[in-house]
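Engineer: So the chains spell out like this:
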Amino acid sequence: MTEEEKLGVNKFHVDENFSHIEINKEACPEDIMTLVRACPAGLYKYNDGTLTHDCAGCFECGVCRILSAGKVVSRWEFPKGGKGIEYRFG
Amino acid sequence: MSEEKFDVIIVGGGIAGSVTALLLARAGLEVVMIERGNYSGAKNMTGGRLYSHCFNGIIPDFAEIAPIERKVMHERVSMMTETSNFTFDYTSDRLAQPGKESYIVLRGIFDRWLAEQAEKAGAMAVNGILVENLIIRDGKVCGVIAGEEQMFADTVVLADGANSQLTTKAGLQRKPVTPHQIAIGAKELFELDEKKIEGRFNLAPGEGSAWLFAGWPSGGMTGGGFIYTNKASVSLGIVVTAAEFINARKSVNELLEQFKAHSAVKPLIEGSKLIEYSGHMVAEGGYGMLPRLYSDGVVAVGDAAHLVINAGYTVRGMDLAVGSAAAAAAAIISAKSRGDFSEKSLSMYKRLLDDSFVMRDMRRFRKYPRFMENRRIFNEYPEMADEIFAGVFVTDGAPQASMFSKIFKTAKKNGLRNLAKDCIKGVSTL
Chain A
1 MTEEEKLGVN KFHVDENFSH IEINKEACPE DIMTLVRACP AGLYKYNDGT LTHDCAGCFE
61 CGVCRILSAG KVVSRWEFPK GGKGIEYRFG
Chain E
1 MSEEKFDVII VGGGIAGSVT ALLLARAGLE VVMIERGNYS GAKNMTGGRL YSHCFNGIIP
61 DFAEIAPIER KVMHERVSMM TETSNFTFDY TSDRLAQPGK ESYIVLRGIF DRWLAEQAEK
121 AGAMAVNGIL VENLIIRDGK VCGVIAGEEQ MFADTVVLAD GANSQLTTKA GLQRKPVTPH
181 QIAIGAKELF ELDEKKIEGR FNLAPGEGSA WLFAGWPSGG MTGGGFIYTN KASVSLGIVV
241 TAAEFINARK SVNELLEQFK AHSAVKPLIE GSKLIEYSGH MVAEGGYGML PRLYSDGVVA
301 VGDAAHLVIN AGYTVRGMDL AVGSAAAAAA AIISAKSRGD FSEKSLSMYK RLLDDSFVMR
361 DMRRFRKYPR FMENRRIFNE YPEMADEIFA GVFVTDGAPQ ASMFSKIFKT AKKNGLRNLA
421 KDCIKGVSTL
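Keeping their order, the protein sequence lines are chains A and E. Take the first sequence: its letters are residues 1 to 90, numbered as in my numbering. Take the second sequence: its letters are residues 1 to 430, numbered as in my numbering.
This is chain A alone, in the form it adopts within the complex (with noise of 0.2 angstroms):
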């Protein structure tokens, strides 16, 4: 299964007008791979040298902040207040 079809299950209120993460297409090739590899929701994607990121479907877990603060990530702060992902489970 891919992350998307996972993602698919889970309860999420996107919010439209507010990205809670912010990132340089320019950063380094490499340190990009470490986020496509890292984000359990695999929102991180590189297809022929471009990087995309789609803050829907993001568990709000912060390893992309800590693993590249000042690199690919530009700015990280939470969804707005009740927005973003909800555990049903957990």
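Warning: the hint list may mix true and false statements.
Distance ranges between label pairs, derived from CB positions [unchecked claim]:
1. Gln-400/E <-> Thr-52/A: 34 to 44 angstroms
2. Phe-12/A <-> Gly-139/E: 31 to 41 angstroms
3. Thr-52/A <-> Lys-409/E: 51 to 61 angstroms
4. Glu-116/E <-> Ala-69/A: 31 to 41 angstroms
5. Glu-254/E <-> Lys-25/A: 18 to 28 angstroms
6. Met-403/E <-> Pro-29/A: 18 to 28 angstroms
7. Ile-145/E <-> Glu-22/A: 31 to 41 angstroms
8. Gly-415/E <-> Gly-49/A: 38 to 48 angstroms
9. Lys-196/E <-> Glu-5/A: 46 to 56 angstroms
10. Phe-12/A <-> Lys-196/E: 40 to 50 angstroms
Short, incomplete list of chain A residues facing chain E, as computed with Cβ under 7 angstroms [said to hold, decoys possible]:
11. Glu-3
12. Lys-6
13. Arg-37
14. Gly-49
15. Thr-52
16. Gly-62
17. Ser-74
18. Phe-78
None of these hints come from the bench; they were simulated from the model. Where is the CB? At the ideal position from N, CA and C, for every residue including glycine.
Starting from the known structure of chain A, fit chain E onto it as the hints suggest.
Structural biologist: Just chain E now, kept in the frame of chain A:
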């Protein structure tokens, strides 16, 4: 909101926050607990179990009234390679002794219940609000900022979890957390009929199994796999040190997929349905990673204080969250009686914590995080177990060597000196 002032503001409504709120409310303090999820537990997950001893004196009958999944009656530990798996399985009446037993819980369900207990005791719980910053005046934390609102209190309790950024703002987390100090936890939850769970895991009704795996699930990296039986679902996941992904060959999801596909795992979840996929940061640096725990007007509890013990065969955090909440609440109640919420006054929290099981165990396992960085545990030793047991059990008609010589031959190949060193180190750090 006007300049309303509470005795205590608690940021985060998980286990540490809810227990702190419960105890402070019982003592008659005016407490507000602010949770960013729409309910307590909405942002929380666990790949672990809760040791009941921590609730002694707080909610003594918690096992009867709390929404727990199953009581752990089987402790299983496996060494797994791509094509083999060696498991030991311990079961005993001793695991069921009152006050010493442990329970599998699901945090989205359990935390919600726990927060309700705090509310029943008189704490005010506010959900769906994110605390963005702290109000700090003359070096003293005196309140929180949420959106346009400011709220004030004598003491602010940071119970905002492993990914807390407020502990840095409060000056408690002075050095940035490094990728070596944290792990990534990822978990899949599979819905499965109760009877099937009990059959597949050899469990009596209501009993559960805690199962940890070394080797293949983490792809030989520092970490491991886990499987826990819930009431009508199975939790399966991995925990791997974040720094390992800097040069890894596989992603978190690839590791999960290969773990699930292993012949020793696949039949356990056969025919089940994925109902949730979750992830979380785990603070694994141990005693050496602890931030400062208190300052003027502020204390940190639970995961926000990085109170986690990973001893390989068991991972603890939830009972430490309860223990730290109890110590923090006692210190705040005492500070209130003196009307003094300074750093010096709140230092009682650290003293109480030092004398409690929380710090006794944190200190006892302080060398363990370094020991766990030893790659042999996740590579050579599972391979060794495979070779030894293949030697013992695989029979092809060729002349059989003695059991001892088989084990000795395999051990020698991996270096007797390393093996002896790791055994001694492993035993002495535990």
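Engineer: Confirm or reject each hint.
Structural biologist: Now the hints, each set against the structure:
Taking 34 to 44 angstroms as the suggested C-beta distance range, the pair Gln-400/E and Thr-52/A does not conform, at roughly 59 angstroms. At roughly 40 angstroms, the beta-carbon separation of Phe-12/A and Gly-139/E lies within the given 31 to 41 angstroms, and the hint holds. Hint check: Thr-52/A to Lys-409/E, Cβ distance near 52 angstroms, so the stated range 51 to 61 angstroms holds. Distance hint check for Glu-116/E and Ala-69/A: the Cβ-Cβ separation is about 36 angstroms, which falls inside the suggested range of 31 to 41 angstroms.
Between Glu-254/E and Lys-25/A the beta carbon distance is about 24 angstroms. The supplied range of 18 to 28 angstroms therefore holds. As the Cβ distance of Met-403/E to Pro-29/A is approximately 52 angstroms, the hint placing it in 18 to 28 angstroms is violated. Checked against the given bound of 31 to 41 angstroms, the beta carbons of Ile-145/E and Glu-22/A, roughly 21 angstroms apart, lie outside it. For Gly-415/E and Gly-49/A, the hinted distance range of 38 to 48 angstroms is satisfied, since their beta carbons lie about 44 angstroms from each other.
The given range of 46 to 56 angstroms is broken by Lys-196/E and Glu-5/A, whose C-beta atoms sit roughly 23 angstroms from each other. In this structure the supplied range 40 to 50 angstroms is violated for Phe-12/A paired with Lys-196/E, their Cβ-Cβ distance being about 29 angstroms. At its closest, the beta carbon of Glu-3/A sits 5 angstroms from a beta carbon of chain E; the interface hint therefore holds under the 7 angstroms criterion. For Lys-6/A, the interface hint holds, since its Cβ comes within 7 angstroms of a Cβ in chain E; the closest pair sits about 4 angstroms apart.
Interface restraint check for Arg-37/A: the shortest CB-CB distance to chain E comes to about 4 angstroms, inside 7 angstroms, so the restraint holds. Contact between Gly-49/A and chain E, as hinted, is not supported at the beta carbon level, the nearest pair being about 19 angstroms apart and thus beyond 7 angstroms. This hint is violated: Thr-52/A has a C-beta 16 angstroms from the nearest C-beta of chain E, more than the 7 angstroms allowed. With a cut of 7 angstroms, the hint placing Gly-62/A at the interface with chain E holds, because the nearest CB-to-CB distance is about 3 angstroms.
With 7 angstroms as the threshold, the beta carbon of Ser-74/A stays out of range of chain E, its nearest partner Cβ sitting at about 15 angstroms, so the hint is violated. For Phe-78/A, the interface hint holds, since its Cβ comes within 7 angstroms of a Cβ in chain E; the closest pair sits about 6 angstroms apart.
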